[in-house]
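S.K.: The hints should help you fit chain R onto chain H, whose structure is shown.
Each chain is listed here by its residues.
Protein chains: 2
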Amino acid sequence: MVVYINSKENEKIKFAYKLKQEKYRKKYQKYLAEGAFDLELAIKAKVVEAVFTTKQLDIDENIVQYIVNEDIIKKISSLSTPQNIVFICSIKENKIDKLDKIIYLDEVNDPGNIGTIIRSALAIDYDLVCLSNKCASIYNPKTISASKGSIFLMPIIKKDLKEFKNTHHIFVSALKEEAVDIKQIKTKKPFVLVVGNEARGVSEESLSLADEIIYIPIKNIDSLNVAIASSIMMYLLK
Amino acid sequence: MVVYINSKENEKIKFAYKLKQEKYRKKYQKYLAEGAFDLELAIKAKVVEAVFTTKQLDIDENIVQYIVNEDIIKKISSLSTPQNIVFICSIKENKIDKLDKIIYLDEVNDPGNIGTIIRSALAIDYDLVCLSNKCASIYNPKTISASKGSIFLMPIIKKDLKEFKNTHHIFVSALKEEAVDIKQIKTKKPFVLVVGNEARGVSEESLSLADEIIYIPIKNIDSLNVAIASSIMMYLLK
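Top line first, the protein sequences correspond to chains H and R.
The first sequence begins at 28 in the numbering used here and counts up by one.
The second sequence begins at 28 in the numbering used here and counts up by one.
Chain H extracted, bound-state conformation (with noise of 0.2 Å):
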C-alpha cells in the first residue's frame, strides 16, 4: 500500500517522531530504524510495520509505503545526513530454540558498544543476547546503526543474571586476582559469559554470581574496548 503525506502534523508523522524517545518505545513496542540496507534485513526479519520514504519502494505489497518529502524524512530521522528512508519496525518477542551460548550484558552504556555486541554475536552464532536492566536502550538508533541489521535477526532479551545461576555456567570477565587467561579456558555449555561496564567492568552481583572469573592478558593500557574484549571472548569460547 502506498500512501502520500505531505504535511509534517500528520499524525503518523506525529506518532513516527515519537518514537525517538524510549518511553513512547516501551510504551508502543515499537522502534525506528534507517536505510534501505537495514530494511532489507528487517523486513526478512518480518518487523517493519511501516516505511517512511521520498521514493516509492519495491517492496512487499503488505507493507504500508509513506512516500514523505525530505522535511519530514529529516524530522524523523536520527541522522545528520539521513538516508532518505526511516521505518517503522515492532518490538517482537524472540522464539529461542536454544540457549548454549549466551552474551550477557552487564550496565553496558555505549549504545554502539551494545550493537557492535549484538552484531558480533549474531556473526559468532551465539544463541542471545542478553541485557541487564542499566544498559543502553537496545533501541536507541546508535544501537541499531552499529548492529548493522543485526538488531532483527539476533534474539535480545533484558533478564537478571541470577536467573541463570541453576542453569548456566557462568563466566564472568574482570580483571581479578583469581581470574584465569581465557586462553587457558575450556567451554562448558550451555554457559552465561558475562561483560561489564565501560569504566567499572562488571558489577559486585555478577562477580559473586561467577562459576569461573577470566580474562584476556593484555599489555600497555588498562583496557580493551567491551565490545572487542566480547568479542574475541566469544569467539574463543564458542
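These are computed hints drawn from the structure, not numbers from a lab.
There could be a bad hint or two in this list.
Same chains, same names: a pair is fine if it fits in one copy or spans any two.
[To be verified] Calculated lysine-lysine pairs in the BS3-like style (CA-CA distance at most 25 Å, straight line):
id: 1; residue 1: K119; residue 2: K45
id: 2; residue 1: K210; residue 2: K246
id: 3; residue 1: K122; residue 2: K71
id: 4; residue 1: K215; residue 2: K125
id: 5; residue 1: K185; residue 2: K216
id: 6; residue 1: K213; residue 2: K246
id: 7; residue 1: K246; residue 2: K215
id: 8; residue 1: K185; residue 2: K53
id: 9; residue 1: K54; residue 2: K102
id: 10; residue 1: K246; residue 2: K122
id: 11; residue 1: K216; residue 2: K246
id: 12; residue 1: K57; residue 2: K71
id: 13; residue 1: K246; residue 2: K71
id: 14; residue 1: K265; residue 2: K203
id: 15; residue 1: K203; residue 2: K246
id: 16; residue 1: K265; residue 2: K213
id: 17; residue 1: K265; residue 2: K210
id: 18; residue 1: K246; residue 2: K119
id: 19; residue 1: K122; residue 2: K189
M.R.: Here is chain R on its own, set in the frame of chain H:
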C-alpha cells in the same frame, strides 16, 4: 607557565581552532586532543605542547597552560559537551625498536574504527599500526577519542604495503575461496596483518601482495565490524 586568555580572537585560540582541519594538522604537524584522561597519557608520552583549560591544572610546569573561559573551550573543542580541557599535541616521528608484528589498515574509513584498532594494537602488544594513504585521518577527533589515549603511545605511520614485501610475511584478511581459517594459521614473524575497508574489504593490490589470505569463519551475516575482526586476528596471530 600559566597565561590567561579572555578573547576568542587571541592568536593562540585562532591557531588551536585551525587544527580542527586536517590541512593545518598536516602543515603544522600538530593536532588537538581533549580531557583529563587523555592529557595524562599524552604528558607521559611527551607530546603535549600547550593546554587550554578553564581551571589551572597540577601538571608539569614546563607545559604552558592557557586559562580560558567555557566559550573559548567550546570554540576549539570537537565535543558537544566539552570536558573543559583541550590540548595541542605534536606529531613526532616514532622510535620503533622492532617490527615483528604490524597491523596494516588498507582504506579503513571510519575514524572510530581506526582509533579502536590502535587501542587494541597497543593492548595486544603489536609493534606498529601502519595506514594506507586512503585511510581516514589519524588525528581526527573521533580517532583520538576511540583510541582512549593509545594514540599517544602507539607507533603509527603511513606507508605503502609493498614496502614490506621483501622483509615481512604478509597475511591479508579477505573472504576469498582460497582463504584459510585463522585458527589454522601459524604465526610467521616478522609479519604484517592487512585488514580492509568497511564496505569493500581489502584492495586488489593488497591481495596481490598476500603470502597467505586468511579469514574468520562467521554465520548469519556478511561481516564483522573491521575493528572487531582486526582485534580477533591480532589476538590470534600474536
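S.K.: All hints are to be evaluated individually against the structure, with a verdict given for each.
M.R.: Hints, one by one, checked against the model:
{"no.": "1", "hint": "K119 <-> K45", "in the structure": "within (19 Å within a copy, 49 Å between copies)"}
{"no.": "2", "hint": "K210 <-> K246", "in the structure": "both (16 Å within a copy, 23 Å between copies)"}
{"no.": "3", "hint": "K122 <-> K71", "in the structure": "within (15 Å within a copy, 52 Å between copies)"}
{"no.": "4", "hint": "K215 <-> K125", "in the structure": "within (15 Å within a copy, 39 Å between copies)"}
{"no.": "5", "hint": "K185 <-> K216", "in the structure": "within (21 Å within a copy, 45 Å between copies)"}
{"no.": "6", "hint": "K213 <-> K246", "in the structure": "both (24 Å within a copy, 22 Å between copies)"}
{"no.": "7", "hint": "K246 <-> K215", "in the structure": "between (28 Å within a copy, 21 Å between copies)"}
{"no.": "8", "hint": "K185 <-> K53", "in the structure": "within (13 Å within a copy, 47 Å between copies)"}
{"no.": "9", "hint": "K54 <-> K102", "in the structure": "within (21 Å within a copy, 40 Å between copies)"}
{"no.": "10", "hint": "K246 <-> K122", "in the structure": "between (41 Å within a copy, 18 Å between copies)"}
{"no.": "11", "hint": "K216 <-> K246", "in the structure": "between (30 Å within a copy, 19 Å between copies)"}
{"no.": "12", "hint": "K57 <-> K71", "in the structure": "within (17 Å within a copy, 48 Å between copies)"}
{"no.": "13", "hint": "K246 <-> K71", "in the structure": "between (43 Å within a copy, 16 Å between copies)"}
{"no.": "14", "hint": "K265 <-> K203", "in the structure": "both (23 Å within a copy, 23 Å between copies)"}
{"no.": "15", "hint": "K203 <-> K246", "in the structure": "within (15 Å within a copy, 33 Å between copies)"}
{"no.": "16", "hint": "K265 <-> K213", "in the structure": "both (10 Å within a copy, 21 Å between copies)"}
{"no.": "17", "hint": "K265 <-> K210", "in the structure": "both (12 Å within a copy, 13 Å between copies)"}
{"no.": "18", "hint": "K246 <-> K119", "in the structure": "between (42 Å within a copy, 22 Å between copies)"}
{"no.": "19", "hint": "K122 <-> K189", "in the structure": "within (21 Å within a copy, 50 Å between copies)"}
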